[in-house]
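K.L.:
Read off the chains here:
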Amino acid sequence: MLKPARPLSADIAGLLTARARWSALEFAFWIIAFASIFLFPDYYLILTEIVIWALFALSIDLILGYAGIISLGQAAFFGFGAYAAGLLAKHGLVTEPTLALIVSGLGAAVLGFFTSFLVLRGSDLTRLMVTLGVALVLREIANRFPEITGGADGLQGVTISPIFGQFRFDLYGHTAYVYSLIVLFVLFVIARRIVRSPFGLSLVAIKGNPLRSAAVGIAVNWRLVAIYTIAAAYAGIAGALLTQTSAFASLEGFAFDRSADGLLVLIIGGTGYLYGGLIGALIFRFAHDYLSSITPQYWQFWIGLILVVIVLVGRDRIGTWLDPVRTLADRIAAWRYSRRTRALGATSDGGGQP
Amino acid sequence: MTPVLETRALEKRFGGIVAANQVSLRLEKGARHALIGPNGAGKTTVINLLTGVLRPSSGEILLDGKNITNVEPHSRVRLGMARTFQINQLFGDLTPLETLGLAISERLGTGTHWWRTVGSRAGVVDEIGELLERFRLVDVMQERTAILPYGKQRLLEIALAFACRPRVLLLDEPAAGVPDAERQEILATIETLPADVTVLLIEHDMDIVFSFADRISVLVNGEMLVEGTVDEVSHDPRVRAVYLGEAFDG
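Sequence order for the protein chains is A and B. As numbered in the working numbering, residues 1 to 354 make up the first sequence, in order. As numbered in the working numbering, residues 1001 to 1250 make up the second sequence, in order.
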């Protein structure tokens, strides 16, 4: 049978690269995000906060949504990055903020690398406890050395230099917001690239079936170490951003609440498609404001309720409440594809249809 | 000649249970070797030992004469050993397209690349296409694996092992649970393997064993009962006794 190999290969290449292409929806998302700089000048402080939460949740999505590593201690890296940026600025070690951001991220990555070995083995419960434990340990270490960290009072006297020596952090938070948003965007683009690469695919494979992953030659543990390290860098940069935009670092950075809220933000937005953390941060912040304006004392009741509903709708699998939407998208893609192949088959298959 | 795959007195104990007892196997290059035995004889345990999923309690495994007893499972794949699983072990969230693309990328050593997409290499794309066609997965290549019909999943299971381009292929009941029509497809595909690929087949269906294998090992209660040509094994009275009641005349 004469089968032209070309159309199929072209199809495959097309389908594989189609997933990497930016969709109209994504363009819209980022256009709106950057438009907010001009549209909401009164909300820079809140928006900056949202961006930092988004970046933090994104770091959790990289490990949970892609590699299936559940963590309640991502704040360990956030706090580390926050103090690193604070100390670098305070002692004038690295004064240029973007450079300090990178150094803080690298520092958090080193910490992530060494603690990653603790989460390699064991069940989800073990991982929850180990990550939680690491964050608690770091918090107490920071607390134990007030001469370095400022202890319970936080790190005082941090002055952040202008970005590239040009852009001073102003009182209205304009520079801070633009800076944070650009950092988020750049890191998002990198994360997007990572999850769509063979490496990213292998993470999804490991999450789905570590046994089979090893059976096709994937060094499972090293891949997990790699993504855990990358995610730690992301969390560290989020922490550093908080310090740089607020000129202050505190033990709060390591707090259990932060890890838990980060997870909450991600689950509200949905895991495993990168936008979850970003959308979640937005919803979380506005839900917070809205709910606390109705019931100032009991707003967490509603957050709790929403969380329970989301997880139940997701049928016990955390963060899958968006699955129906995704399945629909899959179906549409498959239907469109089958229409195309049918059209192709009519010309190339030589009357294969009954 | 050094056998491609060899085990020496391989033993695996789970507590008091001996799942594999002094198992010694020799597979020459290009062998079509079948491992048979009643349920619970330890066949899958042997495969798990060979692939490194389980560590033996004692004994040695040699690949091309090199001791690989303590080599990690993923490294054994790199050394040229691949397997299929009796119960499908697939990546539910990936499509067949991505699954095969992933396996091929891993084989080519590009699995750690994080800056480009799987489909950006022409060689990979062509190879995915060949495998999809050979295993009749073209029509479902875009579906999530988790929602594929069982027969298609089974084909993907085998295709995934082929994607590793193994020199030694371990097939754990490849046709298990597959309807007759697709069964023939799977077997036909296995027969298209290059002659220099060494195959160890675990199978219950004696028709398949007799038509495929040139040598057979019979495992009973974790011990190697008989090893020989198809003819020798099928006429061995001990084997007949073990398979009492089962049609063993092919």
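No wet-lab data here; the hints were simulated from the structure. Remember, it's a predicted structure, so these values are computed and weren't measured experimentally. Beta carbons are placed, not taken as given, at the ideal position from N, Cα and C, and that holds for glycine. Some hints here could point you the wrong way.
Some chain A residues close to chain B (C-beta under 10 Å, calculated; not the full set) [what the hints assert, rightly or not]:
#1 14
#2 215
#3 223
Covered stretches of chain A (in silico footprint by chain B; criterion: 3 or more residues with CB under 8 Å from a CB of chain B, positions within the stretch not fixed) [stated by the list, open to error]:
#4 194 to 202
#5 206 to 214
K.L.:
Look at each hint and say if it fits the structure.
P.N.:
Consistency of the hints with the structure:
1. Contact between residue 14 of chain A and chain B, as hinted, is supported at the beta carbon level, the nearest pair being about 8 Å apart and thus within 10 Å.
2. Annotation: interface hint on residue 215 of chain A holds; nearest CB of chain B at approximately 6 Å, less than 10 Å.
3. Against a cut-off of 10 Å between C-beta atoms, the interface hint on residue 223 of chain A holds, since the closest Cβ of chain B lies about 8 Å away.
4. Against chain B, the stretch 194 to 202 of chain A contributes 8 residues with a C-beta closer than 8 Å to a partner C-beta. That satisfies the three-residue criterion, and the hint holds.
5. Coverage of the stretch 206 to 214 of chain A by chain B holds [criterion: at least 3 residues with CB-CB distance below 8 Å; count 7].
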